[in-house]
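Participant: Each chain is listed here by its residues.
Protein chains: 2
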Amino acid sequence: MLKGKPVRIVGFGEYLPRKVLSSEIEEQFGLYTGWSEKYSGVATRHHVTFETNAYMGARAVEQALANCSVPLSEIDLLISAAATYDYPIPNEASVIKSQLKDGNQFTFPTIDIDSTCLSFVSAFEIAANLLDGKQYKKIIIVSSEVSSKGLNPENSETVTLFGDAAVAVIVQYDEDGNSLFIKGGLQTYSEGVMDAIIEGGGTKYSFKDHAYNQKLHSFAMNGKNLLRLAKKCIPHFMDFFFRDLPISILDTDAIIPHQASKAGLMMFKSLYPFRDNQVKDSLCSLGNCIAASIPLTFYRSIKAGEIKRGDVCLLSGTSAGFSIGGVLIKY
Amino acid sequence: MLKGKPVRIVGFGEYLPRKVLSSEIEEQFGLYTGWSEKYSGVATRHHVTFETNAYMGARAVEQALANCSVPLSEIDLLISAAATYDYPIPNEASVIKSQLKDGNQFTFPTIDIDSTCLSFVSAFEIAANLLDGKQYKKIIIVSSEVSSKGLNPENSETVTLFGDAAVAVIVQYDEDGNSLFIKGGLQTYSEGVMDAIIEGGGTKYSFKDHAYNQKLHSFAMNGKNLLRLAKKCIPHFMDFFFRDLPISILDTDAIIPHQASKAGLMMFKSLYPFRDNQVKDSLCSLGNCIAASIPLTFYRSIKAGEIKRGDVCLLSGTSAGFSIGGVLIKY
Numbered sequence: 001m002l003k004g005k006p007v008r009i010v011g012f013g014e015y016l017p018r019k020v021l022s023s024e025i026e027e028q029f030g031l032y033t034g035w036s037e038k039y040s041g042v043a044t045r046h047h048v049t050f051e052t053n054a055y056m057g058a059r060a061v062e063q064a065l066a067n068c069s070v071p072l073s074e075i076d077l078l079i080s081a082a083a084t085y086d087y088p089i090p091n092e093a094s095v096i097k098s099q100l101k102d103g104n105q106f107t108f109p110t111i112d113i114d115s116t117c118l119s120f121v122s123a124f125e126i127a128a129n130l131l132d133g134k135q136y137k138k139i140i141i142v143s144s145e146v147s148s149k150g151l152n153p154e155n156s157e158t159v160t161l162f163g164d165a166a167v168a169v170i171v172q173y174d175e176d177g178n179s180l181f182i183k184g185g186l187q188t189y190s191e192g193v194m195d196a197i198i199e200g201g202g203t204k205y206s207f208k209d210h211a212y213n214q215k216l217h218s219f220a221m222n223g224k225n226l227l228r229l230a231k232k233c234i235p236h237f238m239d240f241f242f243r244d245l246p247i248s249i250l251d252t253d254a255i256i257p258h259q260a261s262k263a264g265l266m267m268f269k270s271l272y273p274f275r276d277n278q279v280k281d282s283l284c285s286l287g288n289c290i291a292a293s294i295p296l297t298f299y300r301s302i303k304a305g306e307i308k309r310g311d312v313c314l315l316s317g318t319s320a321g322f323s324i325g326g327v328l329i330k331y
Numbered sequence: 001m002l003k004g005k006p007v008r009i010v011g012f013g014e015y016l017p018r019k020v021l022s023s024e025i026e027e028q029f030g031l032y033t034g035w036s037e038k039y040s041g042v043a044t045r046h047h048v049t050f051e052t053n054a055y056m057g058a059r060a061v062e063q064a065l066a067n068c069s070v071p072l073s074e075i076d077l078l079i080s081a082a083a084t085y086d087y088p089i090p091n092e093a094s095v096i097k098s099q100l101k102d103g104n105q106f107t108f109p110t111i112d113i114d115s116t117c118l119s120f121v122s123a124f125e126i127a128a129n130l131l132d133g134k135q136y137k138k139i140i141i142v143s144s145e146v147s148s149k150g151l152n153p154e155n156s157e158t159v160t161l162f163g164d165a166a167v168a169v170i171v172q173y174d175e176d177g178n179s180l181f182i183k184g185g186l187q188t189y190s191e192g193v194m195d196a197i198i199e200g201g202g203t204k205y206s207f208k209d210h211a212y213n214q215k216l217h218s219f220a221m222n223g224k225n226l227l228r229l230a231k232k233c234i235p236h237f238m239d240f241f242f243r244d245l246p247i248s249i250l251d252t253d254a255i256i257p258h259q260a261s262k263a264g265l266m267m268f269k270s271l272y273p274f275r276d277n278q279v280k281d282s283l284c285s286l287g288n289c290i291a292a293s294i295p296l297t298f299y300r301s302i303k304a305g306e307i308k309r310g311d312v313c314l315l316s317g318t319s320a321g322f323s324i325g326g327v328l329i330k331y
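Chains as they are written, first to last, in the UniProt record's numbering: chain F, 1 to 331; chain P, 1 to 331.
To be clear, the hints were calculated from the coordinates, so they are not data collected in a lab.
Don't take every hint at face value.
The list treats identical chains as one, so a pair stands whether inside a single copy or across any two.
To be verified - In silico DSS-like pairs for lysine-lysine, Cα to Cα no more than 30 Å straight-line:
hint, residue 1, residue 2
1, Lys101, Lys204
2, Lys101, Lys224
3, Lys208, Lys38
4, Lys137, Lys330
Using the sequences provided together with the hints, build the complete structure.
Facilitator: So, in structure tokens, the structure goes:
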């Protein structure tokens, strides 16, 4: 019934830095005990101590390779799919490759793909289109995010919400398999372009001309606007996405949304009459890990036995920009 | 003889900020008159005054659309292919879209692709793979670079070399046309990963923890190492790239290299017995415009009548990371 490209996820890997309890953050920033879980929906998340994006990303890649017994020599492309990075230049994927065990011995290409929180989703669609069984047989997508360094201590909503994490996913061309990439899509609703932003540190407010300033150099979001926009645009996006498919969103076996916020997840779940446990959730234990949230939640659901081979899964969410996107796959 | 995907470039647009003569830079930084042209090979380049990446990118897109009479309503994806950006978050393509005339009225997707100086080349390969005549019929690739804000005044080699510019290219699925995307490829040689870098301003040396410091927050390159590595690896890359093609690099009608540096261009031209004017050059008048250099040099060569419809063109170069990449197209 469902047609698609013969693309199969063959391995996952992850890296999580030190676990941080909400009580630690609440104590540090003068919030009452329980504030984070009540308002952000987050009880624990992980934050880096010594780790960098590339360090975490490289460890996740090594674990993914080991988990499916694929040697590095078989990799045809490494995509970094994230919104944060070690250095402004070079691109993060090249830094991750250089920190892989034996990474210097191979010359596979390294490219970054960024649609902020939907970077993994965009990268998956692009990887599926590149995989041809000839030039590209196996591609690694890595989402490694260090959100904790860009948070504003004065903003309780974000300082309790975000976590750091890395996930790596190996996808391969697999004509004989039963796995499929069915469809990908993204829509950008520009009216929300300024509602999730780090203003300083690019070329507009360069560090040369603008001294460090907590507000300018921290992530800021207009949660109310984003929620309003998401509520209005998600049905529009899903109508576009499913209009040429033989199933509806309710027929999917699992939906893995971006773990944007407690309010966002609640709003999304209220839009459709989903079945119990159809929509997966990792917010309480991992927080919002930017582009790593979707693949990490997916991996956790597979490990928990909640998603099985052959299940039709929608990986979808919202991102700064403001975009809504998704990929539909047969796992 | 040459096979490929039915992909055609239908329009170009560009935006250049104020022209800066080498004499201005030489006077400002205490270099003798003629230093820049002698050592960097650059007589003029353009630098922003009020412009941002998104401002320049949006103007280039508008010009490209006008040049080929394509309305914005026909665009299925906007890719920002660059190494510099207005804000760390959101992704640059979403900012460019929001600054387009009528950009807010459409919801086409916006994704960033970054392989530093080869971002346009990577984006072209990816766009060619997405273009299917159904979901994706027309894609705009924009390379808008503001290099001038990340230069170190104490480094004469880079402060005289880099220029700012934006280029937009509209590519479309075109089954009946005679244009082709023949092949794309990239290889990353990690031994050069630290040889072209801006260290500060990402999560490794974050602004929060590291005050502004000219050395840490400026672009630095180890020119000697890069030149040595390029000389060693370019033949390796070209062997890999052309091994399954029925032509050699010498059979191409035009080669549009990245305008990395005077020494780099001279070295590249010395590697093969190229015909006169086979290798295109814009370094002297535009400098190194990071990812904008290749599409800008290509556009200039077409406008000058040096490249015609049907010509087989290799767009290829080196990038921070350290990578070598290219796409071969029938224009």
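Participant: Now look at each hint and say whether the structure bears it out.
Facilitator: To see whether the hints hold, each was checked on the structure:
1. When the C-alpha separation of Lys101 and Lys204 is checked against a cutoff of 30 Å, the pair qualifies only between copies, where the shortest distance is 20 Å, while the shortest distance within a copy is 37 Å.
2. Only between protomers do Lys101 and Lys224 lie at most 30 Å apart by alpha-carbon distance; the minimum there is 27 Å, versus 44 Å within a single protomer.
3. Proximity of Lys208 and Lys38 under a CA criterion of 30 Å is satisfied inter-copy only: 28 Å between copies versus 40 Å inside one chain copy.
4. In this assembly of identical chains, the alpha carbons of Lys137 and Lys330 lie at most 30 Å apart whether taken from the same copy (18 Å) or from different copies (25 Å).
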